[in-house]
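Undergrad: Residues per chain are reported as follows:
Protein chains: 2
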Amino acid sequence: MPAGSVLVAGGTGYIGSFTTLALLEAGYKVVVADNLYNSSPEALKRVELICGKKAEFVQLDVTEENGFDKVFEAHPDIDSVIHFAALKAVGESGEKPLDYYLVNVYGTINLLRSMVKHNVTNIVFSSSATVYGDATRFPNMIPIPEDCPLGPTNPYGNTKFAVETAITDVINAQRNNATKAGNEAEAKKWNGALLRYFNPAGAHPSGIMGEDPQGVPYNLLPLLAQVATGKREKLMVFGDDYASHDGTAIRDYIHILDLADGHLKALNYLRANNPGVRAWNLGTGKGSTVYEMIRAFSAAVGKDQPYEVAPRRAGDVLNLTANPTRANTELGWKAERTLEQACEDLWLWTKNNPQGYRQQPPAELLAALKK
Amino acid sequence: MPAGSVLVAGGTGYIGSFTTLALLEAGYKVVVADNLYNSSPEALKRVELICGKKAEFVQLDVTEENGFDKVFEAHPDIDSVIHFAALKAVGESGEKPLDYYLVNVYGTINLLRSMVKHNVTNIVFSSSATVYGDATRFPNMIPIPEDCPLGPTNPYGNTKFAVETAITDVINAQRNNATKAGNEAEAKKWNGALLRYFNPAGAHPSGIMGEDPQGVPYNLLPLLAQVATGKREKLMVFGDDYASHDGTAIRDYIHILDLADGHLKALNYLRANNPGVRAWNLGTGKGSTVYEMIRAFSAAVGKDQPYEVAPRRAGDVLNLTANPTRANTELGWKAERTLEQACEDLWLWTKNNPQGYRQQPPAELLAALKK
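The listed protein sequences correspond, in order, to chains A and B. Taken in order, the first sequence gives residues 101 to 471; the numbers are from the numbering used here. Taken in order, the second sequence gives residues 101 to 471; the numbers are from the numbering used here.
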């Protein structure tokens, strides 16, 4: 078993729960903290069904003063945090930016304060490709490398950017202060991974674990899934006048299992190599248009999914496709799964769990799991 | 008297107290909130001695939850905030970045939350030229215009940048939400000024009001003042190998009375023109090197001030000189006072108040004031 336990903040959410699964499968001891605002503790039961191991759960809001102190006091073996706890809807961030600054930015300041106080020295942060903004404003920056100048175009992206600088400044200060005090061993312990990911997609191939957004989903594939099950009449395509081959916006869709594996590899890299703060793109390197995604998901379902074109949304950009070379070479990580597999896994999850985590999965899927 | 009272957060500090004076002189009713961390309530007594009007004082920390709510409840006539409450030492921000994120960023989130709750709709924010970072990386960007790409180079600057985006996002959301609800009158009420200022300098020409930093001062002129009074053996010049004509770094020093007047003009502009969020540089447009400043201050004192060259400081840049054209034309504001006057006023204040606000000013200065 790896030394040191891991706190997964926001660990019952979509990416958080799959990362918890990856950590447990790799032998880590995991404590999950989540306020359950947009997620269900049932996700952790599915994790346990799949891997036979259990994460401890603490209900906690990131903005609760001293909340993380209590967790670190109760679990002195935690030396690393993977931090997903945030609001994540670009559109909503334009209407309620204060909530985003409070939860995403202050929440992280609050977490960092507790980490420094309790000597929890590694953080893997759930950043976003949104920090790049419209990379098409630079020549040769598509697919986007990590050294592309940052320039978010919406409040959600602004909060992710602010958190990146906060983590960078705090980790650098911890290292510099320790170095000045002549303690190089202490300096090396402080590390941060800024994982800028592109569009997470898909579900667990068992069909018992997937994305379960409360209320209206924010992203293309969950919306398409609702169309396929009849919950939603049609998909709204925001903009068909972008400068892509079919006019719709280009994104880099990455299978959730690959994304979770990227978090595990980043954490292992921090522990093994002590790089300080470093950003890595987690993407496939291959962009797909909205129309291509509709076709791919329709193929998985076996039925064409209806859509309607609407105007572009404020803050959306033409193309967010990763150059994942740095993660490929440094982390030894690569997106292995195809878009088709993501669509198939999503459809298996969706058709078998129309109420998401609010109902038990079909007995035949559970039986198949035990084999 | 102008309609609406003004809350000056951080109003006992250097720029805050001079802005309070300018507001009172212009007929505004002013409430000052300050935690007195690096300032003295005596500053407000000097304001009263100078202008014969009094600001109300509330001791309050920006990070206190619901603290601003209480102020706005007690003063329902407040419709505008001028926000200075922040930590401001670049060097310290590299060692204690968490304090800077907490006070500067979270403090402002906390303030904005109360403003939205209590319908306080105008904010003038004490930003900094530091948000530009090293503008010499762009051609034709010295002197720096407001549309120069931002890129702070130290944690202090990162917090100012994050606050600029928070204010922009919140004001824009208030306007957009009101517009969507069909309430254009409400939308127009929400306005923000991002005042990026360069290097404040000088004191009140009466000699009874000036900068009174607790502990070690951060900036060139207060340090020079300590050398002149013998509190400090010599000035440390950080870097003489910059690409300037004498090798020392170039800054744009602006007289504190001009700077305070800029805040007043920005507030009036927000109220009269409802521009939404807008950034203005407050500077003279003329850069001076460290060596030029030492000569100017030595001339005011009538004695050469000793100095020693030390290595550059991390995060410092070659040249921060404002292009103040936008403020000149839009706000009808211009820096009127000379560098020589700033040095003379600073020396008058320094030699007459060796203990700053911890002692009463000489009787002859008070007598001169009454004439």
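Rather than coming from a laboratory, the hints here were simulated on the basis of the structure. Mixed in with the good hints there might be a few duds.
Where chains are identical, the list cannot tell them apart; a pair therefore holds if satisfied intra-copy or between any two copies.
Distance condition first, Cα-Cα at most 27 angstroms in a straight line; then the derived DSSO-like pairs of lysine-lysine [claimed, not checked]:
#, residue 1, residue 2
1, K196, K289
2, K145, K170
3, K196, K217
4, K403, K170
5, K129, K403
6, K196, K280
7, K217, K170
8, K280, K471
9, K288, K170
10, K334, K451
11, K145, K288
12, K334, K434
13, K217, K145
14, K153, K470
15, K196, K471
16, K451, K288
17, K153, K334
18, K289, K386
19, K451, K129
20, K170, K196
21, K280, K334
22, K289, K170
Undergrad: Against each hint, give a clear statement of whether it holds in the structure.
TA: Quick rundown of the hints versus the structure:
1. K196 x K289: Between. Shortest inter-copy distance 18 angstroms satisfies the 27 angstroms Cα cut-off; intra-copy 37 angstroms does not.
2. K145 x K170: Close inside one copy (24 angstroms), not across copies (45 angstroms); limit 27 angstroms.
3. K196 x K217: between (31 angstroms within a copy, 13 angstroms between copies)
4. K403 x K170: neither (51 angstroms within a copy, 59 angstroms between copies)
5. K129 x K403: neither (43 angstroms within a copy, 68 angstroms between copies)
6. K196 x K280: between (42 angstroms within a copy, 14 angstroms between copies)
7. K217 x K170: within (11 angstroms within a copy, 31 angstroms between copies)
8. K280 x K471: Classified as neither; 56 angstroms inside a copy, 55 angstroms across copies.
9. K288 x K170: within (26 angstroms within a copy, 45 angstroms between copies)
10. K334 x K451: Close inside one copy (17 angstroms), not across copies (76 angstroms); limit 27 angstroms.
11. K145 x K288: Neither: 36 angstroms inside a chain and 50 angstroms across chains, both beyond 27 angstroms.
12. K334 x K434: Neither: 34 angstroms inside a copy, 57 angstroms across copies.
13. K217 x K145: neither (32 angstroms within a copy, 40 angstroms between copies)
14. K153 x K470: Within one copy, since 14 angstroms is at most 27 angstroms while 80 angstroms is not.
15. K196 x K471: neither (47 angstroms within a copy, 54 angstroms between copies)
16. K451 x K288: neither (48 angstroms within a copy, 48 angstroms between copies)
17. K153 x K334: Result: close neither inside a copy nor across copies, 39 angstroms intra and 65 angstroms inter.
18. K289 x K386: neither (35 angstroms within a copy, 46 angstroms between copies)
19. K451 x K129: neither (32 angstroms within a copy, 64 angstroms between copies)
20. K170 x K196: Classified as between; 23 angstroms across copies, 30 angstroms inside a copy.
21. K280 x K334: Between copies only: 25 angstroms across, 60 angstroms inside.
22. K289 x K170: within (22 angstroms within a copy, 43 angstroms between copies)
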